[in-house]
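Assemble the complex: chain A is given as a structure, and chain B must be docked to it using the hints.
Chains as they are written, first to last, in this note's numbering: chain A, 1 to 387; chain B, 1 to 331.
None of these hints come from the bench; they were simulated from the model. The reader is advised that the hints may include incorrect statements.
[Unchecked claim] Simulated pairs of lysine to any residue, SDA-like, Cα-Cα distance not exceeding 25 Å:
| id | chain 1 | residue 1 | chain 2 | residue 2 |
| --- | --- | --- | --- | --- |
| 1 | B | K144 | A | I367 |
| 2 | A | K206 | B | R50 |
| 3 | B | K84 | B | W311 |
| 4 | B | K144 | A | T13 |
| 5 | B | K144 | A | I28 |
| 6 | B | K42 | A | K217 |
| 7 | A | K199 | B | M239 |
| 8 | A | K217 | A | L54 |
| 9 | A | K310 | A | N342 |
| 10 | A | K217 | A | Q364 |
| 11 | A | K289 | A | Y149 |
| 12 | A | K217 | B | F292 |
| 13 | B | K144 | A | F151 |
[Claimed, not checked] Partner residues are not named here, just some residues of chain B that face chain A (Cβ under 8 Å, in silico):
| id | residue |
| --- | --- |
| 14 | R50 |
| 15 | F207 |
| 16 | A217 |
| 17 | W294 |
| 18 | T295 |
| 19 | P297 |
| 20 | R298 |
| 21 | R300 |
| 22 | F301 |
| 23 | Q303 |
[Unchecked claim] Pair ranges (Cβ atoms, derived):
| id | chain 1 | residue 1 | chain 2 | residue 2 | range |
| --- | --- | --- | --- | --- | --- |
| 24 | B | G128 | A | I213 | 22 to 32 Å |
| 25 | B | L197 | A | L158 | 27 to 37 Å |
| 26 | A | L169 | B | L20 | 55 to 65 Å |
| 27 | B | Q193 | A | K192 | 20 to 30 Å |
| 28 | B | G57 | A | L158 | 30 to 40 Å |
| 29 | B | V56 | A | P254 | 54 to 64 Å |
| 30 | B | P51 | A | L169 | 51 to 61 Å |
| 31 | A | P311 | B | G57 | 50 to 60 Å |
| 32 | A | E155 | B | G188 | 23 to 33 Å |
| 33 | B | A324 | A | I213 | 28 to 38 Å |
| 34 | B | R49 | A | Q196 | 52 to 62 Å |
This structure is a prediction, so every number in the text was calculated from the model and none was measured. Every residue, glycine too, gets a C-beta built ideally from N, C-alpha and C.
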Amino acid sequence: MSNCAATELTGDTYTRRFEQGPNQDTLIVNMGPQHPSTHGVLRVIVELDGEYILRAEPVLGYVHRMHEKMGEVKSFTQYLPNMGRVDYLHAMAWNWAYVGAVEKLGGVEVPERAEYLRVIATELNRISSHLVWWGAYLLDLGAFTPIMYAFDDREIILDLLQIVTGSRLTYCYFRFGGVTADVTPAFVSGLKEFLQRFKSRLPMYKDLVTDNIILRKRCEEIGVIDVDMARRYGATGPVLRGSGVAYDTRRAEPYGVYDRFDYQIPTFTEGDAMARYLVRIREMEESVKIIEQALEQLPEGEHLNAKAPKPAWKPGVGEAYFAVEGARGKIGVYVVCDGTKNPYRVKLRSPSYCNLSLFAELAQGVILADAVSIMGSLDLVIPEIDR
Amino acid sequence: MPDFNVLLAGIPAELTRLVLALIGLMAFIGLNGLALVWVERKVAGHVQRRPGPFEVGPFGLIQPIVDAVKLVGKQLATPAGADKFLFWLAPLLAFLPIFLLFIPIPFSENLVGLNTNLGLLLILAFAGLNVLALCLAGWGQNNKWGLLGAGRAVAQSVAYEIPLLLAVLAVSFQTGSLDLAAITAKQGPWPWQWNILVQPLAFFLYFICAVAETNRAPFDLPEAESELTAGFHTEYSGMGFGLFFLAEYANMIVVCSVATVLFLGGWQGPIEPGWWWFLIKMYALLLVIIWFRWTYPRVRFDQLLNLNWKWLLPLSMVNLLATAFVVKLFA
Numbered sequence: 001m002s003n004c005a006a007t008e009l010t011g012d013t014y015t016r017r018f019e020q021g022p023n024q025d026t027l028i029v030n031m032g033p034q035h036p037s038t039h040g041v042l043r044v045i046v047e048l049d050g051e052y053i054l055r056a057e058p059v060l061g062y063v064h065r066m067h068e069k070m071g072e073v074k075s076f077t078q079y080l081p082n083m084g085r086v087d088y089l090h091a092m093a094w095n096w097a098y099v100g101a102v103e104k105l106g107g108v109e110v111p112e113r114a115e116y117l118r119v120i121a122t123e124l125n126r127i128s129s130h131l132v133w134w135g136a137y138l139l140d141l142g143a144f145t146p147i148m149y150a151f152d153d154r155e156i157i158l159d160l161l162q163i164v165t166g167s168r169l170t171y172c173y174f175r176f177g178g179v180t181a182d183v184t185p186a187f188v189s190g191l192k193e194f195l196q197r198f199k200s201r202l203p204m205y206k207d208l209v210t211d212n213i214i215l216r217k218r219c220e221e222i223g224v225i226d227v228d229m230a231r232r233y234g235a236t237g238p239v240l241r242g243s244g245v246a247y248d249t250r251r252a253e254p255y256g257v258y259d260r261f262d263y264q265i266p267t268f269t270e271g272d273a274m275a276r277y278l279v280r281i282r283e284m285e286e287s288v289k290i291i292e293q294a295l296e297q298l299p300e301g302e303h304l305n306a307k308a309p310k311p312a313w314k315p316g317v318g319e320a321y322f323a324v325e326g327a328r329g330k331i332g333v334y335v336v337c338d339g340t341k342n343p344y345r346v347k348l349r350s351p352s353y354c355n356l357s358l359f360a361e362l363a364q365g366v367i368l369a370d371a372v373s374i375m376g377s378l379d380l381v382i383p384e385i386d387r
Numbered sequence: 001m002p003d004f005n006v007l008l009a010g011i012p013a014e015l016t017r018l019v020l021a022l023i024g025l026m027a028f029i030g031l032n033g034l035a036l037v038w039v040e041r042k043v044a045g046h047v048q049r050r051p052g053p054f055e056v057g058p059f060g061l062i063q064p065i066v067d068a069v070k071l072v073g074k075q076l077a078t079p080a081g082a083d084k085f086l087f088w089l090a091p092l093l094a095f096l097p098i099f100l101l102f103i104p105i106p107f108s109e110n111l112v113g114l115n116t117n118l119g120l121l122l123i124l125a126f127a128g129l130n131v132l133a134l135c136l137a138g139w140g141q142n143n144k145w146g147l148l149g150a151g152r153a154v155a156q157s158v159a160y161e162i163p164l165l166l167a168v169l170a171v172s173f174q175t176g177s178l179d180l181a182a183i184t185a186k187q188g189p190w191p192w193q194w195n196i197l198v199q200p201l202a203f204f205l206y207f208i209c210a211v212a213e214t215n216r217a218p219f220d221l222p223e224a225e226s227e228l229t230a231g232f233h234t235e236y237s238g239m240g241f242g243l244f245f246l247a248e249y250a251n252m253i254v255v256c257s258v259a260t261v262l263f264l265g266g267w268q269g270p271i272e273p274g275w276w277w278f279l280i281k282m283y284a285l286l287l288v289i290i291w292f293r294w295t296y297p298r299v300r301f302d303q304l305l306n307l308n309w310k311w312l313l314p315l316s317m318v319n320l321l322a323t324a325f326v327v328k329l330f331a
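Just chain A, with the same shape it has in the complex:
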C-alpha cells in the first residue's frame, strides 16, 4: 500500500496519472467500478487523507454501449427500443424526447388522446424512477428497509405499465404519431387504486424516514450547490431545483399537453442534499396530481395517428432538437436527417452527465460518507452518462 509512483504493474493508466504529485500520507482508492453505492458502473478515483477526500475524479466509460453510433446504423423506427435502454429508470421520457424530435422533423401530428396517454405513462414512470432513487439513496445511507417498501409500491406501477406496454422496465411505448396501444379499463381502475394507495403511503415515508434525525443529519448541509455552480455545470432537474432555480422543461419549453394541468414546480433554496431529497419527494406528489387530472380529462379518440408513418419511413432532410423533463433533469435528443433511411446523427443529451460533473468539485474536502450521500442525492444513472 505504498504511495510512491505506481509501477507498470499496479493500477491502470488512470491511477498512474492520478498518483502524480500526491501528498505524503494520502491513500488513493478506487470507488468502483464495482461498488455497492456508485449506482451503476461508475469509477471514482479518490485521494483520501484519512477519511477526508482531497481530490475525486470520476472515470467514465465502463457502460459505454455506443447508442449514438447505433443511431447512425439503425433506421428511425429501429432506433426506438434503444431509447428505453439509455436511462432505463425513466425510459418513457427518453422515448418521448426522441419521438418528439423526429415528429418535429417529419411534421407528424399526434392525436389528443395519445398526448394524454403519453403524459400518464411518463408521469407514472417518473414516480417509479423516484421510488428507486429514494430506496437506493437510503440503502446507501444504511437504512435497509425503505427500499423494500419503495419497491413494493413500484411493483404495482410496473404491473400497470406492463398491461399497457408489455414491458416492465425498458419501455418502447411511443411511436411516431402516438403510442403503441390504448389503455384498458383494467389499467384505469388499477391506476386509480394505486394513486389512492400511494397517497396514503407518503405520510408514512415522511414520518419514518424524512423526519428521522439520523437522515436529516446525513443530508442537511451536505453537498451545497449554489445557483452559480449549478449554472456553470449545466445541472438540471432536481439538482437545479434544489438550488432555488425553478426551471422545469415542462414549463420552460412546453411540450405535449402539460400546459393543461395544474401542478407546481417544487423548488427549495438550500441547495443541499436534503433540498434535492425534498424536491423529489414533492415531485412524486405533483406527478400524482398530474396523473389524476390527465385521467379526468382523457378524451376519446385514437391512440395512434391513422396516417402514422410506416416503419421504413424517412422524415425530410433537416435537424430537430426536442427536450423533455426527465426524472434526473433535462433530456435532449438532437436528430439530423440527410434523406437516407438512417439518421445522420443522433445526439443524446443526458442530464446525469452534467450532474455528475458537479461531483468532482463537490467532493473536495468532504468526509467519505458524505461523498456517498452527495452522489446519491445527485440521482445518477451511469448507463445514461456513458450511453
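For chain B alone, coordinates are given in the frame of chain A:
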C-alpha cells in the same frame, strides 16, 4: 447438582467448574449464534415486508445450519500481499475472548462459571480485545477499504468504551460491589425493583454504547456495506468471515447479558426465579438491537464521535457524580 466446592480426583474444584463452564458456554454460544442468525433474518424479513428464510426446513429453521456448513466448506483464501499471521489471527482473536466475557455472568444462582467479586472488571477488561482483533484484521488484509474500516472501528470502540464504563460504574457504586452475583441479588423479582428504575439514564447510555461497541446499526460504520464494501472484513471469506460474524453475535449476547444482570434483575423474576427469566430478558434486548438495525440509517462517522464526546460522556459523568452524591448522602 454435584458440589463443585470439593476437589475432584485431585483437580482443583475451580478448574473443573471453569472447564465445564467453558464447554457449556461453547454450546450456548454456538446454539445462540445459530438462533440469532435465524431471528435476525426473520425479523429483517418481516420488517421489510417479506417472509425471510422459509424454504430450508420449517419456517427456515435449518437455514443457519446450512449457512454454517457452507461457510465451513469454503476455501480459506489469503489475499495476495496479506500478512498471513495477522490475517488469520484476527478472527480467532475476535472470537476466543468471548468465552472469558461470559464466565462471570450469573445465569442463575448457581449457573456461573466463576464466582468472583471482580466480575464486572473482568468483562470490561476483556471487552477491549475486540478492538485489537479489528485492528489486526484491517491491517492484515492488505486492502485499503479494510484499513479504513478498521480505523473507524478502533476509533469508535475506544471512544464508546468510556461512557459504557461510567454508566456501569454508576450501578456498581450504587450496589457497592463489582460482583455480578451481588448486583443481581440486590435487585428484586418485580420490574419496579430492578435497577433500571433507579438508573434509567445509565441504562439508556449503556445500551447506546453497547450497540456502538458491537458495531451494530446505526453505528455499523466499520462494516458499512454501502460505503466500504464490507469494511474491516472485506477480504475474509469462508470461516474467517464466519468467525467474525459469530463474534459479532456473541458480543451482542454478552452485552445484552450484562445489561440484564445490571439493570433488569438478572435471573430474578416473578413466580419462579431462574435462568429462564435471564434468557427472556436477554432475548428481549437482543430483539431491540436487531430491530434498530433494520429501522435506522447509519450515523456518519464524525457525528458518531461527536455524539459520544459531546453527549454521552458528559451525561455519563453527570450520572456517576449524581449517583456518588446520593450514595454518600443516603447510604
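Against the structure, the hints:
Our distance criterion of 25 Å between C-alpha atoms is met by K144 of chain B and I367 of chain A, whose separation comes to about 16 Å. Restraint check for K206 of chain A and R50 of chain B: the C-alpha separation of about 21 Å stays at or below 25 Å, so the hint holds. A C-alpha spacing of about 40 Å is found between K84 of chain B and W311 of chain B, which places the hinted pair above 25 Å, so the restraint is violated. Note on K144 of chain B and T13 of chain A: the hinted pairing holds, with a Cα-Cα distance of about 19 Å set against a maximum of 25 Å.
For the hint pairing K144 of chain B with I28 of chain A, the CA-to-CA distance comes to about 8 Å; that is within 25 Å, so the pair holds. Among the hinted pairs, K42 of chain B with K217 of chain A is inconsistent with the structure: their alpha-carbon atoms are about 30 Å apart, more than 25 Å. Among the hinted pairs, K199 of chain A with M239 of chain B is inconsistent with the structure: their alpha-carbon atoms are about 47 Å apart, more than 25 Å. Of the pairs offered as hints, the one joining K217 of chain A and L54 of chain A holds, with about 22 Å between alpha carbons and a cut-off of 25 Å not exceeded.
Under the criterion of a C-alpha separation no larger than 25 Å, the hint pairing K310 of chain A with N342 of chain A is consistent with the structure, at around 14 Å. For the hint pairing K217 of chain A with Q364 of chain A, the CA-to-CA distance comes to about 19 Å; that is within 25 Å, so the pair holds. Note on K289 of chain A and Y149 of chain A: the hinted pairing holds, with a Cα-Cα distance of about 21 Å set against a maximum of 25 Å. For the hint pairing K217 of chain A with F292 of chain B, the CA-to-CA distance comes to about 17 Å; that is within 25 Å, so the pair holds.
A threshold of 25 Å between alpha carbons decides the hint, and for K144 of chain B with F151 of chain A the separation of about 33 Å lies outside it, so the pair is violated. At a threshold of 8 Å, the smallest CB-CB gap from R50 of chain B to chain A is about 7 Å, leaving the interface hint in force. A distance limit of 8 Å between C-beta atoms decides the matter here; for F207 of chain B the minimum to chain A is near 16 Å, and the interface restraint is violated. Using the Cβ-Cβ criterion of 8 Å, the hint placing A217 of chain B at the interface with chain A is satisfied: the shortest such distance is roughly 6 Å.
The closest approach between the C-beta of W294 of chain B and any C-beta of chain A is roughly 5 Å, which is under the 8 Å cut-off, so the hint is satisfied. At its closest, the beta carbon of T295 of chain B sits 7 Å from a beta carbon of chain A; the interface hint therefore holds under the 8 Å criterion. Using the Cβ-Cβ criterion of 8 Å, the hint placing P297 of chain B at the interface with chain A is satisfied: the shortest such distance is roughly 4 Å. The beta carbon of R298 of chain B comes within 3 Å of a beta carbon in chain A, closer than 8 Å, and the hint placing it at the interface holds.
Satisfaction of the interface hint for R300 of chain B is found here, the shortest Cβ-Cβ separation to chain A being roughly 5 Å, below the 8 Å cut-off. For F301 of chain B, the shortest C-beta to C-beta distance to chain A is roughly 6 Å, which falls under 8 Å, so the interface hint holds. Nearest Cβ of chain A to the Cβ of Q303 of chain B: about 6 Å, under the 8 Å cut. The hint holds. G128 of chain B and I213 of chain A have their C-beta atoms about 30 Å apart, which keeps the hinted 22 to 32 Å range intact.
The hint said 27 to 37 Å for the Cβ distance between L197 of chain B and L158 of chain A, and at roughly 52 Å that hint is violated. Here the CB-CB span from L169 of chain A to L20 of chain B is close to 60 Å, well matched to the stated 55 to 65 Å. Range check, Q193 of chain B to K192 of chain A: about 57 Å between beta-carbon atoms, so the 20 to 30 Å window is missed. In this structure the hint that G57 of chain B and L158 of chain A lie 30 to 40 Å apart at CB holds, the actual value being about 32 Å.
In this structure the hint that V56 of chain B and P254 of chain A lie 54 to 64 Å apart at CB holds, the actual value being about 57 Å. Distance hint check: the CB atoms of P51 of chain B and L169 of chain A are about 25 Å apart, inconsistent with the given range 51 to 61 Å. Evaluation of the 50 to 60 Å hint for P311 of chain A and G57 of chain B yields a pass: the beta carbon distance comes to about 55 Å. The hinted window of 23 to 33 Å between E155 of chain A and G188 of chain B is violated, with their beta carbons roughly 52 Å apart.
At about 32 Å, the CB distance of A324 of chain B to I213 of chain A agrees with the hint of 28 to 38 Å. Hint check: R49 of chain B to Q196 of chain A, Cβ distance near 19 Å, so the stated range 52 to 62 Å is violated.
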